[in-house]
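Enquirer: If you're matching them up, the sequences are chains P and E in order. Residues 70 to 404, numbered by my numbering, are exactly what the first sequence covers, in order. Residues 338 to 851, numbered by my numbering, are exactly what the second sequence covers, in order.
Be a bit skeptical, because a hint or two may be false.
These stretches of chain P come out as covered by chain E in the derived footprint (C-beta under 8 Å, 3 or more residues) [stated by the list, open to error]:
id, segment
1, 147–159
2, 173–183
3, 222–235
4, 259–269
5, 311–317
6, 341–354
Derived from the structure by calculation, the hints contain no laboratory data. Everything numeric in this text was worked out from a predicted model, so none of it was measured. Just so you know, even glycine gets a beta-carbon here, dropped at the ideal spot from N, CA and C.
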Amino acid sequence: MAQNAVARELLPALRRRIAAIEDRPPERFTVAAGQSACPASGGTDARAGTVLLRQGGMPAIAAGPAPVAANRNATVADVVATGAAGFDRALGGGLARAALCEIHGLQARDAGAVTGFALALASLARRSQAGAGAAPLLWVGAADLAGEAGFPHAPAIEALFGIPDHALLFARARRPLDALWIAGEAAGLAALAAVIVEIRGDPASLDLTATRRLQRRARAAGRPVFLLRLSAAPAPTAAPVRFRVAAAHARPREIFGRPLPGSLGMPAFAVTIDKCRANPGRQFMLEWNTDEHRLHPRQPQDPVAVVPVSADRQDHAPAPRPVVARRPGDRRQAG
Amino acid sequence: MRQRLGRSWRADPATAARRADHPPLAVSHDDRNARRIAALCERAAGLGLKRGMGLTDARAMYPALEFVEADIDADRRLIAGLADWCDRYTPLVALDGGDGLYLDITGCTHLFGGEERLMADLLGRLFDQGFDIRAGLASTPGMAWAAARHLAPAGGKGGIIAPGREAEALAPLALGALRLGAEIVTRLESVGLRTVGTILHAPRAPLARRYGRQLLDRLDQALGRLDEPLSPRLAVAALSVERRLAEPVSRTEDIERLTGLLCATLKTHLEQRGEGARALELALFRVDGAVQRIAIGLSRPARDPPVIERLFAERLTALAEAIDTGYGYEVVRLSVLAAAAFDDRQGDLAGDGLARHEDLARLVDRLNARLGRATIFQPVAQQSHIPERTVGAVAFVGLVADEAVRETGSSPEPAIVAPRPIRLFKRPEPVEAVAEVPEGPPVTFRWRRALHRVVAAEGPERIEPEWWREEDGKPRDYYRIEDEAGRRYWLYRQGLYSAAAADLPRWFMHGIFA
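Throw the hints in and build the complete structure from the sequences for me.
Expert: See the structure below:
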């Protein structure tokens, strides 16, 4: 018990120091009424049914029926629900509305997945803002914006993410330093729904100071900033959240409730939460529903089954045998 | 030349005698297939050489004469720089050929303490800069021209011709003082008319009949009977404020602060006119005579000093390397190049909507000031179905406030049936693809030296070329393709397989899907 008490004192003290270093207001722990909680272990323990909200834009754990507002700054409206419940829970209620969010793609050819995921989050954030009818999205890139990964294509952005072309702004700078300057200037504006900054590689100008500036501006303006980093190594960052996004196999389109073989359905992403206050390291398979404009967890499905067996070799699929009964745990052999 | 003769080799008669260390100097140029003398130094002139004389003759007379090739571009640059410098006296500065300037000082003289003082100031400063100039001041450009070129002694002023005394001043001058063509002058001289006085009171009709209108027009212009407009080099600013400094400044912060002060003065005047500035120019007059101009544009009219000052600060930061402050600036002038009606709009109680639009407009201005025009742009739909031509870009000028206007104003959206990639390559990149059947989707393809195995393919979607744009375009068959890692691409096969098979269809990568 004594040890527990020490831990109870020590942990908040450490958190306060970290908050001071990271230039955030100190966190507060709120326990939902009628629920017992142990704040010291709250950081990792979600099973206890604790409702634990943190300030600084990054709530940690919000397990339970509904998150309870801790104070003025950490209200429910501070996060945007993405639609995928597990993903939201892992992020602590949803995507922070006023924060910098880094999205990494390991290779240049992951640009599609990274772009798609960033636009999905930006679209969610944009629609959740009050009176966001005309609020535009600013896309900032360096000189190679159109080069290696191709230029963001406005008709597709409108069709997939519901952001019309008159709500899209592009800014192109010559150097990454200028791109970051533009992003810093734009991040402080409430007139923009979100700012997406695309930086390729690891320029020297993109350091901890630069990300901290973006994070502070984003928090002050209450608007999200997405930092897309393609073919870059994860480096220390001031962003509270960092995702690593790779492409995932798309499920076939469904027609009359049955998958249509040989078709490619909605965009799918394999998202790893690289950095997060609550529980980093978890991976999610997410799918963007282009009709409802929401993220869904992708149905657990054997990825091989997505592909018709005959796609790359001769059709030698065995005739389906009628399965009469199956032992629990014997699924693989039976299928 | 400068290195050899020293920086100050202007030969005014007093020093020329002492400094006889350099040979007579002439500048030569090509004129009607002959090399002729374009300009001379005083020593050369003292030897009896003249402008327009053949180079060979001059050389025969004085073998020691030194020649320099005329550099017309440099001359033009010099006179333009001088015209810029003269901006400090009046905004109306016009060029007169390659070697003269007209300054329309109407209404500007009181700033310098009268005509006499202005001219003395101008001559003194130019003399200090090393120019040998002649000046004349009169009510008409023609008379001033004559006064400067025919009345003025070397290195001095041609005096001020009072209004109404033009005829008196012109009478003793040679006909060349009327800015006439050489041919007319020769013809007049051949009949014994050598001075302006001889034609001043001559009957006009016979003169006009024999020598053309130009003669009388020039005469009337010089006498002020005919109005003669000057065309200034630079557009005259609607408003401008300037500040003359006792001590030159060179630090960027000082310039910014000065700009702020000038803006504050400008604001009251703009308010009186009910206008806001759309384009501004900051002219920095350097101590050594160079003038630097820094222009900014605004996407919506503004007159708030902090806004304008900040834009200039961005521009100055961007130009930090390009600007040479030298020994500092002595005059700083801020001019409004373009102004527009500034409507004071009433915001709502929360003051949100308008402020946001304003913020965005200011951001655009800052970006354009610092990083150049068209840094920020917007996609617009184009009338084309070829994927790379469906979207164009226009510079962003500000949000359309009324959503309804945009809705009615925009062209009907083309219905997209097939999905389009989220990132599109401006130029499709060639790939090596292997297909099972000639007209089917690829099985493997090599793009950017990496081999991709196709696990799923959707298509084809055929896009025909625009026959009205290109004669022999080939149809494209587009496939959506997913590789082993789950990445989705947009590939197309250009051309058709045919019996002729002169050129086989080729595969291209055109985009990446989300």
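Enquirer: For each hint, tell me whether it holds in the structure or not.
Expert: Comparing the hints with the structure gives:
no. : hint    : verdict
1   : 147–159 : violated (count 0)
2   : 173–183 : holds (count 5)
3   : 222–235 : holds (count 9)
4   : 259–269 : holds (count 3)
5   : 311–317 : holds (count 3)
6   : 341–354 : violated (count 0)
Violated hints for the displayed structure, listed by number in ascending order: 1 and 6.
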